[in-house]
Amino acid sequence: MLNLKSTLLLSIVSVLLFSSHVIAATHKLEMLNKLGKERMIFSKKVISINLNDDVLWKSVDKGHNVQFIGMPDGAKKYKSKISKDASYKFEKPGIYLYQCTPHRAMGMIGIVVVGNDKSNMEKIKKVKVYGKSKKILKNLLEKL
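Once you know that position 135 of the sequence shown is 183 in my numbering, the rest is easy, because the numbers rise by one and skip nothing.
Honestly, I wouldn't trust all of these hints.
[Stated by the list, open to error] Quick list of in silico lysine-lysine cross-link-like pairs, BS3-like style, CA-CA up to 25 Å:
| no. | residue 1 | residue 2 |
| --- | --- | --- |
| 1 | Lys137 | Lys92 |
| 2 | Lys182 | Lys92 |
| 3 | Lys173 | Lys127 |
| 4 | Lys180 | Lys140 |
| 5 | Lys140 | Lys191 |
| 6 | Lys191 | Lys171 |
| 7 | Lys173 | Lys110 |
| 8 | Lys129 | Lys182 |
| 9 | Lys76 | Lys125 |
| 10 | Lys166 | Lys129 |
| 11 | Lys82 | Lys191 |
| 12 | Lys140 | Lys186 |
| 13 | Lys137 | Lys166 |
| 14 | Lys166 | Lys186 |
| 15 | Lys129 | Lys82 |
| 16 | Lys93 | Lys82 |
| 17 | Lys166 | Lys76 |
| 18 | Lys166 | Lys82 |
| 19 | Lys92 | Lys183 |
| 20 | Lys127 | Lys182 |
| 21 | Lys166 | Lys182 |
| 22 | Lys140 | Lys176 |
| 23 | Lys85 | Lys191 |
| 24 | Lys93 | Lys106 |
| 25 | Lys85 | Lys137 |
| 26 | Lys110 | Lys93 |
| 27 | Lys140 | Lys85 |
| 28 | Lys140 | Lys82 |
| 29 | Lys171 | Lys186 |
| 30 | Lys132 | Lys186 |
| 31 | Lys174 | Lys191 |
| 32 | Lys127 | Lys171 |
| 33 | Lys76 | Lys106 |
| 34 | Lys124 | Lys137 |
| 35 | Lys127 | Lys82 |
| 36 | Lys174 | Lys93 |
| 37 | Lys110 | Lys140 |
| 38 | Lys180 | Lys92 |
Quick caveat, the hints were computed from the structure, so don't treat them as lab data.
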């Protein structure tokens with residue numbers, strides 16, 4: 049009887065200790081017309097997340113979307129509708145580069161690093177971006 053109670057207690061403690069490591073997180077970003085002195089911007093330009101985490105881009109200001117323009121091999125392409133919240137579950141490790149399609153030349157780009165994996169850095173460096181996004185992307189990649 050004591051052995052059964054000990055086993056049950058050990059099982060419960062194990063679930064409590066390790067369950068936080070298997071629960072995926074949701075990271076929230078905002079699509080904005082203005083943040084401080086910057087215009088047409090995501091609330092964070094770079095975020096690092098764990099594998100299987102979700103990112104939710106809130107459509108705070110109208111006229112924005114999220115479109116992946118660089119990602120790890122095997123990752124699903126993604127393009128959200130304009131002026132709608134967007135959500136994506138990251139199931140492949142690596143660097144994901146995304147833009148707001150209407151404001152790509154204005155520098156409205158962002159990066160998600162999944163699982164601290166930067167193995168596709170060279171591929172991301174070769175992605176064609178436009179206008180202000182060229183300089184912004186170069187600076188963001190240098191900081192990774």
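Okay, the hints, checked on the actual structure:
With a CA separation close to 18 Å, the supplied pair Lys137 and Lys92 stays within the 25 Å bound. Distance check on the hinted pair: Lys182 and Lys92 sit about 17 Å apart at the alpha-carbon level, within 25 Å; holds. With a C-alpha separation of about 20 Å, the suggested pair Lys173 and Lys127 falls inside the 25 Å cut-off, and the hint holds. At most 25 Å may separate the alpha-carbon atoms for a hinted pair to count; Lys180 and Lys140 exceed this at roughly 28 Å.
The straight-line distance between the Cα atoms of Lys140 and Lys191 is roughly 22 Å, inside the 25 Å bound, and the hint therefore holds. Simply put, Lys191 and Lys171 have alpha-carbon atoms about 16 Å apart, close enough for the 25 Å limit, and the pair holds. Proposed proximity of Lys173 and Lys110 is contradicted: the alpha carbons are some 29 Å apart, above 25 Å. Our distance criterion of 25 Å between C-alpha atoms is met by Lys129 and Lys182, whose separation comes to about 24 Å.
This hinted pair checks out: Lys76 and Lys125 have alpha carbons roughly 20 Å apart, not beyond 25 Å. For the given pair, Lys166 sits about 28 Å from Lys129 by alpha-carbon distance, which is inconsistent with the 25 Å threshold. For the suggested pair Lys82 and Lys191, the alpha carbons sit about 23 Å apart, so the restraint of at most 25 Å is met. For the given pair, Lys140 sits about 23 Å from Lys186 by alpha-carbon distance, which is consistent with the 25 Å threshold.
The suggested pairing of Lys137 with Lys166 holds, with an alpha-carbon distance near 18 Å, which does not exceed 25 Å. Only pairs whose Cα atoms come within 25 Å are accepted, and Lys166 paired with Lys186 is accepted, the gap being roughly 15 Å. At most 25 Å may separate the alpha-carbon atoms for a hinted pair to count; Lys129 and Lys82 meet this at roughly 20 Å. Proposed proximity of Lys93 and Lys82 is supported: the alpha carbons are some 13 Å apart, at most 25 Å.
Pair hint Lys166 plus Lys76 holds up; C-alpha atoms about 22 Å apart against a cutoff of 25 Å. Between Lys166 and Lys82 the alpha-carbon distance is near 29 Å, which puts this suggested pair outside the 25 Å criterion. Restraint check: the Cα-Cα separation between Lys92 and Lys183 comes to about 17 Å, which is no more than 25 Å; the hinted pair holds. For the hint linking Lys127 to Lys182, the alpha-carbon distance of about 20 Å falls within 25 Å, and the restraint holds.
Between Lys166 and Lys182 the alpha-carbon distance is near 19 Å, which keeps this suggested pair within the 25 Å criterion. The suggested pairing of Lys140 with Lys176 holds, with an alpha-carbon distance near 22 Å, which does not exceed 25 Å. Simply put, Lys85 and Lys191 have alpha-carbon atoms about 21 Å apart, close enough for the 25 Å limit, and the pair holds. Taking the CA atoms of Lys93 and Lys106, the gap is about 14 Å. The hint holds against a cut of 25 Å.
Pair hint Lys85 plus Lys137 does not hold up; C-alpha atoms about 31 Å apart against a cutoff of 25 Å. Restraint check for Lys110 and Lys93: the C-alpha separation of about 19 Å stays at or below 25 Å, so the hint holds. Restraint check for Lys140 and Lys85: the C-alpha separation of about 34 Å exceeds 25 Å, so the hint is violated. Taken as a hint, the Lys140 and Lys82 pair is broken in the structure, with Cα atoms around 31 Å apart against an allowance of 25 Å.
For the suggested pair Lys171 and Lys186, the alpha carbons sit about 13 Å apart, so the restraint of at most 25 Å is met. At most 25 Å may separate the alpha-carbon atoms for a hinted pair to count; Lys132 and Lys186 exceed this at roughly 28 Å. Between Lys174 and Lys191, the direct Cα distance comes to roughly 17 Å. Compliance with the 25 Å bound is thereby established for this hinted pair. Restraint check for Lys127 and Lys171: the C-alpha separation of about 19 Å stays at or below 25 Å, so the hint holds.
Among the hinted pairs, Lys76 with Lys106 is consistent with the structure: their alpha-carbon atoms are about 7 Å apart, no more than 25 Å. Between Lys124 and Lys137 the alpha-carbon distance is near 10 Å, which keeps this suggested pair within the 25 Å criterion. Proposed proximity of Lys127 and Lys82 is supported: the alpha carbons are some 22 Å apart, at most 25 Å. Between the alpha carbons of Lys174 and Lys93 the distance comes to roughly 19 Å, so the proposed pair stays at or under 25 Å and holds.
Restraint check: the Cα-Cα separation between Lys110 and Lys140 comes to about 30 Å, which exceeds 25 Å; the hinted pair is violated. Note on Lys180 and Lys92: the hinted pairing holds, with a Cα-Cα distance of about 17 Å set against a maximum of 25 Å.
Consistency note: the structure conflicts with the earlier hints numbered 4, 7, 10, 18, 25, 27, 28, 30, 37.
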